[in-house]
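Student: So the chains spell out like this:
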Amino acid sequence: MIEQFKQIEKNRHDYAKDWKKKKDGKVLGYFCTYVPEEILYAAGVLPVRILGSHEPQDVTEPHIFGMFCPFCRDCLAQGLKNRYKYLDGLMIAQSCLHIRQAYTSWIKHRPVDFSKFLCMPHKVQSPHAYEFLTEEYKVFKKELENWTGNKITDNDLDKAIEVYNENRRLMRKLYDLRKRDKPPLTGEQVMEVVMAMQMTDKAEHNKMLKELLKKIENYIPDRETGSRLMILGSEDDDTVFMNMVEESGATFVIDDHCTGSRYFWNEVEDGKDPLSSIAARYVNRIPCPSKDWEERKRIPHILNLCKDWKVDGVIIMQQKFCDPHELDFVAIKKALEDAGIPTLFLEFDVTVPIGQFKIRVEAFLEMIGEEDLF
Amino acid sequence: MEQEAIYPTEKLKCWKKVKDIRMKFYQDYAEAHDKGGLRWAGGAWTFDAIPAGLGEDVYPITSEPYSATIAFDKELSLECMEATEVKGYPRDLCSYMRNYWGSIITDKFAFGYKDGEFVPRFQGAKPIGFPKPDFIWQDHICCSHAKWYQVVSDLEGGIPMFTVDNAVGPSNELTDSKIKYVVEQLKDGIKFLEKTTGRDYDDELMFKAIKNHFVSTSKWAESCALNKAIPAPLDEKTIYSLYVLGTLQKAGKQVADFYEKDLLPEVKDRVKRGIAAVPNERVRVMSDTQPPWSFLSIFRYLEKFGCVSVGSLYTFGLIGQWEVKKDGTWGAKKIPDVEFTSRDQALYEYVKYELHKPEWQHFYSCHLKSDMMIRIAKEWKLNGVMLHYNRGCEGLTVGIAENRLALLDAGFPVMAFEGNNADEREFDEARTKAKINAFMETLGVK
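These protein sequences, in sequence, are chains A and B.
First residue of the first sequence? That's 1 in my numbering, and the numbers climb one at a time after it.
First residue of the second sequence? That's 1 in my numbering, and the numbers climb one at a time after it.
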C-alpha cells in the first residue's frame, strides 16, 4: 500500500540525485521543520530534510559533546560519512541548540555551495514575530536569488504555496481516515508517508498521496486495531519501534511529532503578500516545545487530538538529552493523566532496546486493556 | 609543584565590598515586601534596566548566580536536585535550573538570618522559605530560558511572566529590523509591568538604569583587558567573585559604581605595580563555561604548578561588552555617547548595544566563539586552554567540541575535562586533578 513512499524513504539519496539530474536543479538539505520550504521550492530548489540512519557511529565524537541528543549526532554522521555529497546547499531555521550543532559542524567540515542560518524567532507568541520573520524572509529570498540565479516572483511563491498547501490538505485527509474504528493505515505506515514527504518533490508526493487516498478510502484492514495510541515527543523516525508496538496489539492513530502532524498541520493562509503569509504560517504552526512559551499552547492541542482520534493511551517519547521536550513532558503527562489518559514515557537513542521496550509497552497495553478484561 | 614566588602579590582591597554588595542584593530581595517594595525573578542576561523603571524599591533575583550559590552549598544542592527529580524532571537538564526549582519545591532559600545578620544558609543561618517573586522578567536565547520560568510559574501556582526573545542572530548581521523586534517586545514588556504591578512607569529611572548598564558592562571588560598583563593581576577564581555582580544587577548603580570606581582603579594600580594574583606565575591558561562551583579548589591546585587561569570568554564576555580597537586588539566597548530623549530611542540604543554580547554569539555559530577564544588565547598570551565539558549547561557547551578542534588547529594545547557546574554528583575531582597533572607536564611545568 505504501511501498512507493517506503522506497523513497529508504533510497532517499538516489531519489534526490535522480531529481537533480532530471530537473537540472539544486538540492538543499535542511535541519528542522521551521525552514520555509515554500520559498526554496519557488526558487526551483528541492528541499530535503536531513534525518539519521539509526546506525551506531563514532565519527561525531570529536565534534559534538556526548550530552547532546542522539538525533543531532546521527544527522551530522550522515554528512561526515559523505552520504549527502550531492547537496548544493544546507540550511537550518533557528530552533533547538542541539540540531544547530549538526549544522555548524557540517558546514565547516563538509562545506557546501550555499549555507544559511535563518533566524526564526523563538517567541512565536509575540505579535512582532510576524513582521520580524517576514523581514528575515526578504533577506533570505534575495540570497536565494543570488545563489540560484532565479528571480523569485510572487507568482512563483503563490504556486509553491499551493503545492505545499495541497500536500497539507491531503495529509490531513489521510490523518482523518485514522479516526475510523479500523484505521486503514498503521502508525508505522503513516510515518513512512511523512518521512517520504520531507524528502520528495511535493508535487510528486501529492500525486502519490491522491492515489493512496483512493486506495484506502474504503479499505478495511484485516488486522485488529487493538488499543488506540498516540505518540508524541521529539523528532522520531524509528519505524522499528512503531512496528514493535503495533505488533503488540495496538495501533498508533495520531501523533504530535515534527516527523508527523506538526510538520504539516497548518496551511499558509492568504495574507497581504506571499512572504508575510508564509511567515504567518510558520509563526502560527503547532509549535515545537522550544518555542511553546510563555503559554503552553501544545497541551490543549494534544488533548484535542486525543479526543478526536479516540485515544486510549499515549506514548511520550523523547530523544535522550532533548531539553525542550524534557521541559514539557512533566506538564504534558500531568495534563493527559488529569484527562484520564494513561501515559508511558520512553527515552530513545539512535537505536532503541527493542526487547526491553517491548516488555514495558506490553505492560502498558495490558494496563490500558484492563477495563475490557475485567 | 609549590614553586617559589616570582612576583609580589597582595589581596584585593575591594574584596569585602564585592561580598557586601552581593549579600545586600539577596537581602534586599528577601526583605522587599517588608519595605512595601516588589520583587521579581529573571535570568542574569535579562534586560534588567526595564523593571528598574517601576521604582527604586523593586528588587530582582537572578536565576543563574542564585543557583550557583546553592551549588556551593553541597548539602542544600543535593536536597534541591533530589526534590526536582522526585517531581519527574530529568537530571540531565540544566543544573542551575534544577537547583532553582528545588529551592522552590523544598521552600528553602539559600540565605537566612543568624543572630539578626543576613548570611548564607551554609554559614548557619536559620532557614527561611523561598521568597516568591511578584513577577517574572526573563529573556530567551538558550532553549532552557523561557521554559525554566514556565516551570517556576507552575511550581508557584502561577506568576505573571514576560519573556523577551533576544535570539535575533549574530552581531555581525544586525539589522534595524532585528533591533526593532527586541525593542517592540520591551515596549510590550513595559505595558505588562504596568498592568501587573499597577504602578506607573518612570522612563527617567529606566534611562539611568541603562546608563548603569553601559558602565557596568564596559568597565568590567576594561578590568578584564588589564589581565593581558604579565603577571596577571587577577586569577579566575577571584574573577568569579567579581563578575558575579554583573550577573546580579548590571543595571544597578551599586554595580556600575563598583566596577568603575573600585575595581578598575585597583586593577590598574596592580598592573602598574606588577602585583600578581599568583606570585609564582609561569604559565597562563583560560577555561570555558561555568566552573564546577563545588570544586573551585581545582583553580588553587593549578597554582601549585605556577599556572594561572587568567579568565575565559565566559568570565569576560558573559557580562562584559567588547569591541575591536584601532590596533586590532580586543578592548572594552566604548560607552555610547548619547543622551536619552524618549523611551523608543533609549530602548533602541540599549538593545543595539546589548546584542553585541560575546557570550550570545555562539548560540548562532560555534565558529564565532572559536574565533573569540583564539583571540583571547593570543592577546592574553596563553600557554593552553582548559575546556569544561559542562553537563550542566547546554547553552554554553554548544559547539564546545568544535572550539576544541579550532584551538588545537591554532596551536594551543587543550585539556578537556567533563563535569557539571551545579550538580556535584557529576564531577570527578580526583580524575580532573590527574588530568591537570598530565596537562601541566605537557605545558612544561610539574
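To be clear, the hints were calculated from the coordinates, so they are not data collected in a lab.
All C-beta atoms, glycine included, are put in the ideal place defined by N, C-alpha and C.
Some clues are possibly wrong.
[What the hints assert, rightly or not] Taking lysine to any residue pairs in the SDA-like style, the calculated list, with each CA pair at most 25 Å apart, reads:
id : chain 1 : residue 1 : chain 2 : residue 2
1  : B       : Lys180    : A       : Gly369
2  : B       : Lys191    : B       : Asp134
3  : A       : Lys297    : B       : Glu173
4  : A       : Lys141    : B       : Lys191
[To be verified] What follows is a set of in silico ranges between Cβ atoms, one per label pair, in the way DEER data are often shown:
id : chain 1 : residue 1 : chain 2 : residue 2 : range
5  : B       : Pro336    : A       : Lys81     : 27 to 33 Å
6  : A       : Leu177    : B       : Arg199    : 42 to 48 Å
7  : B       : Thr175    : A       : Asp308    : 40 to 46 Å
8  : A       : Lys142    : B       : Arg425    : 37 to 43 Å
9  : B       : Pro413    : A       : Glu55     : 30 to 36 Å
10 : B       : Arg425    : A       : Glu145    : 52 to 58 Å
11 : A       : Asn304    : B       : Ser297    : 33 to 39 Å
12 : B       : Gly328    : A       : Ile354    : 56 to 62 Å
13 : B       : Tyr7      : A       : Pro56     : 22 to 28 Å
14 : A       : Asn82     : B       : Thr442    : 31 to 37 Å
[Stated by the list, open to error] Here are a few chain B residues that face chain A, going by a calculated C-beta distance under 10 Å:
id : residue
15 : Lys87
16 : Glu156
17 : Ala167
18 : Ser177
19 : Glu323
20 : Lys325
21 : Thr329
Student: Tell me the hint numbers this structure goes against, listed in increasing order.
Tutor: Of the numbered hints, 1, 3, 4, 5, 6, 8, 11, 13, 16, 19, 20 and 21 do not hold.
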